[in-house]
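Q: What follows is each chain in one-letter form.
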Amino acid sequence: MRFALRSGGGLMFLLIFLTVGLSVASLFITPLEELVKLDGPDGMSASEISMTILESDMVADAVEWITNSDSAQSEYLLEKNPALLSAILLILLIAVPFTTCFGAFNQTSGDIASRGLRYLLLRTERTNIFLGRFVGVLLFTIVSAIGTMLVIVLYVQLKVGAYPGMDLWLWGLQGLAAVFFLTLPYIALCAWVSCLLDTAFGSLTICLLISGFSLVILYIFKLTLITSMKVDPESLNWLFKTVPWGWKYDLLHGDLMVRMTAMLAMLGFTAVFLWLGLRHFQKRDL
Amino acid sequence: MQPAVKVINLTKKFARQVALDGVDLEIPQNSLYGLLGPNGAGKTTLFSIAAGFLKPTGGSIEVLGVDVSRISELRGQLAMLPQDAAFQGSIPVIEQLIMFSRLNGLDKVAARRAAEQALEIVGLPEVARKAARALSHGMMKRVALCQAFLGDAKVIFLDEPTAGLDPDNARRIRELVKEFTRDKTVVFSSHNLQEVQDICDHVCVIDKGKVVESGTMESLTGSAFLVRIELVSPLSPEAQGALQALPVVEGIELTSDKEFNLRLNVSGSDKDEAMKAIYGTLAGFEIYPRSVFEGASLEARFLEMTGGTFDGASST
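These protein sequence lines are chains A and B, in that order. Here the first sequence is numbered in our numbering, starting from 1 and rising by one per residue. Here the second sequence is numbered in our numbering, starting from 1 and rising by one per residue.
Watch out, some of these pointers could steer you wrong.
Claimed, not checked - Derived pair list, reagent style BS3-like, types lysine-lysine, alpha-carbon separation capped at 27 Å:
(1) B:K108 - B:K130
(2) B:K184 - A:K283
(3) B:K276 - B:K208
(4) B:K108 - A:K283
(5) B:K276 - B:K258
(6) A:K283 - B:K276
(7) B:K6 - A:K283
(8) B:K55 - B:K184
(9) B:K55 - A:K283
The set of hints was computed from the structure by calculation and includes no laboratory data.
This is chain B alone, in the form it adopts within the complex (with noise of 0.2 Å):
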């Protein structure tokens, strides 16, 4: 099946700084693809040049087919919340929403409805006559979501749409983006791993404007995954000899008397089992866990594949 983003030797130079060197990549139709990268690591050039924004140095990038170059062509079929792009403060929301599908080829009457509707979507309908300065950094974060899912885009480009949102609203978000995707090929990037490892079933490491790797979320995560244990009493030497010892370890870092990292040879529903094991072997030495973090293998991973250190699990 042709893929549908494709990404062919891309290069973006700003001045003497590479922020895209070579850039290859296929994401697969109906895919939640993640975009992972450090700070700098060319992600939102590569949002930017597929939708157009920018001009590439070299290469090209096609979206169901066509080059990007031509992106009338792809007309309603593309869609993107890009990261900090403004709406015009003055003019109220509705407006501009209504023009939007009206540039996607609605006429009038339909543009409007669609644009109520996308408000309800994202829970904002009260704030249709609203000019957008007026609305706070949350609510507009859900309206340019809202200006995304105008229409019936084929493929959308989500730019970091969590980042900078209090929980509850990047709940919302990642709810709404499993919700209204489900046949759409949905390229997402984020700073938050777990948030990746949740939502994305195909993933892409980037980094100095290179791929470092990139494959479906199980390959990537297959091969480890970490678990910090807080403990009620000490571990005692047997005790960790016990731990290290079961099949499912394959190593363990104490922190502190009562606390150690456990790096397990598991994936997917095995996870469970061997979080029983581990449970019942400290259970026999009378030692009993006052709380667990889980940590995402794909955090490890990342850090490892960018060249950074990890320095602990998130709290599940």
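This is chain A alone, in the form it adopts within the complex (with noise of 0.2 Å):
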């Protein structure tokens, strides 16, 4: 792990994902804290006021837009477990794969360029480096994951003390797993990129273009399949699967098929990933 996150790039994630994860959960509990501080309508406390508003009809009709899923998807984040830590998940699932390329975009870029490899090239395989640097890179994402996840969920219970404390760790937990399943694809993709490229710098840039850009591809293709041969969009949602981006809210899904589902297309995504980088890997000069 230590030799895959070198040079300060370990903190710097951790520092990353530590700071976008709670400035997510800030987002949400902050106007939560200044009700606490007023007196609430009818005599509600600050909890009834935050669990009314955000299990209100505008919400669950931005989380369906969101999540572009059901009533029963809004139904399942907002009512049936802590609709706060629903919120957060959802926003914070959008930055992860984000926050992912930022630890990973170095697994090889750097020591190619500086020929650090050579040393290892001479006493173990090309494959053995690579996955090594991917599974510490896993590592330390996992680490980093655990830590943010913890925070935030302490940070709800003890802030808000809304929801019941068993809930919303077991909650906190299926959040944790959903960015553990959304960060490996990427990971993956990172440890390709690293390797194609020799300059760290250059590879975080691809990694960051890549995860956003191809999502502006997307958008793109979609509207105009949509203005130009009248398509109906609901028929185009299976666009968004063609990359990590359009399952991630599928693993906070409530019906269990589909949150496996979307386990299997990440696991997927990453072998194809990793099997990309490992070829080139293993044929490129280092």
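From these two lone chains plus the hints, build me the complex, please.
A: Shown next as structure tokens:
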């Protein structure tokens, strides 16, 4: 793990992960904290106010729009599970692919440039180096994600105190699993890009561009099909399933089968990116 | 006996540039093999393919009978000092050496012991806990050499181990190479021809990606030996004639009235006898040398083979 995240890269990644996680949590909790200071209407407590807001139709509609799902799913997220944590998770899952790139972009590129892999190449297979770096980054990502989720759940529990502890922790655990599965393909994508390029900065740029730009291209393609070919927008939902991004909210789905399918899809993307990366890493000059 | 390293029709191209062009070479076991060539000749490329860093465009290299494309089969038997590879800057030196030892197949305790011993050998036990980025160039080179001495490799490639070092550090490294590679095959590249001549028993000259000549040091250097003599007084024509008449002298070239180069037709221990004859002849004309510089014949041969010119000898 130490060799996979070097030169302060790990620390930077941890800080980014924590900052993003806590910023998202703060985005939702700060307004509620302000409410606590006020007297609620009709003698309602701050917790009751927050529950009322989060379980309102407007929030449910917003969740359905963000997650591109139906009312059953918004009910699962906002009523059957701690709504505040669900809202935090929904935003967090948007940020995770990009924050992951910051931790995973330099798996091999920097060492290819400095020829730092040469001492290892004499002693072990290229496959071991490539997969070792992937596993190292993955382990560190898990540690960072656990730390972030731990802080978020504790923060929600102590500051808001509106949800039963067990419900909050179990939902936090499922959220952690969703974050974990979502990071997998992005770490693998970074492993592939990282071994294609000889500069760490170039690798970071390309990883971020692929993660973000692929979505822009898909949106443009979808809009083109809808406007020029009059295709029903609902029938084009599969388009975003061609990238890991399109599966992220299925990882929080109420239906176990949908959740399992999303996890398998993430593993599939991971396998493809890893295979492409490994294939190139084994053939290239180092 | 099977050669330690066998290079078979090796070719490497970088885009349009041919770095190695059908190189065939056999390096005998337990030899100290010098690889010489001008900048860009292909030495480092050859080393890099041998160590599995670069993939050949054509041909192959076998080390101890194993094709280097299956380099893991050579784990612990092949070591290398790469010319420009970097250590992880932020990780302590000892931890990196321990990891290398563990990858060589040692357990945790043995790996730590091997790493500490290797640092002792290169005289740097005090840098063990230091981050690699805190080391000077000379220290880094010695640490790099130390990783090549980890374990008990049978074949060691040393790519310009003394390049960029001050004379003291370069001497230390030469001594280490001589001391720790007695029962090993060492392939050694350097631009310091005197160094190669002192250390190596075999040599190969490579130029523009092709082998120009290879063989034992004796066979390459036995034909000529050069000295440059600076005199107290001018060399008279009679004295010049007398020197020219000596059977050991192949040629004489005046560079000024008090300085000249001699090309001698001697090798090995005959060199001392030849020098006695030269000093005796000069003394007969009451001409005395102020200084004598021995020019390595390897240098002359190298320049001859690579199309350079001999512009003087190295000081002894």
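Q: Next step is simple, just say for each hint if it's right about the structure.
A: Cross-check of the supplied hints:
Restraint check for K108 (chain B) and K130 (chain B): satisfied, since their Cα atoms lie roughly 20 Å apart, inside the 27 Å limit. The straight-line distance between the Cα atoms of K184 (chain B) and K283 (chain A) is roughly 30 Å, outside the 27 Å bound, and the hint therefore fails. A hinted pair counts as satisfied when its Cα atoms are at most 27 Å apart, and K276 (chain B) with K208 (chain B) does not qualify at roughly 41 Å. Pair hint K108 (chain B) plus K283 (chain A) does not hold up; C-alpha atoms about 32 Å apart against a cutoff of 27 Å.
Restraint check: the Cα-Cα separation between K276 (chain B) and K258 (chain B) comes to about 20 Å, which is no more than 27 Å; the hinted pair holds. A C-alpha spacing of about 60 Å is found between K283 (chain A) and K276 (chain B), which places the hinted pair above 27 Å, so the restraint is violated. For the given pair, K6 (chain B) sits about 22 Å from K283 (chain A) by alpha-carbon distance, which is consistent with the 27 Å threshold. A hinted pair counts as satisfied when its Cα atoms are at most 27 Å apart, and K55 (chain B) with K184 (chain B) qualifies at roughly 25 Å.
Annotation: proposed proximity of K55 (chain B) to K283 (chain A) holds, straight-line Cα distance about 7 Å (limit 27 Å).
Checked against the numbered hints given earlier, the structure breaks hints 2, 3, 4 and 6 and satisfies all the rest.
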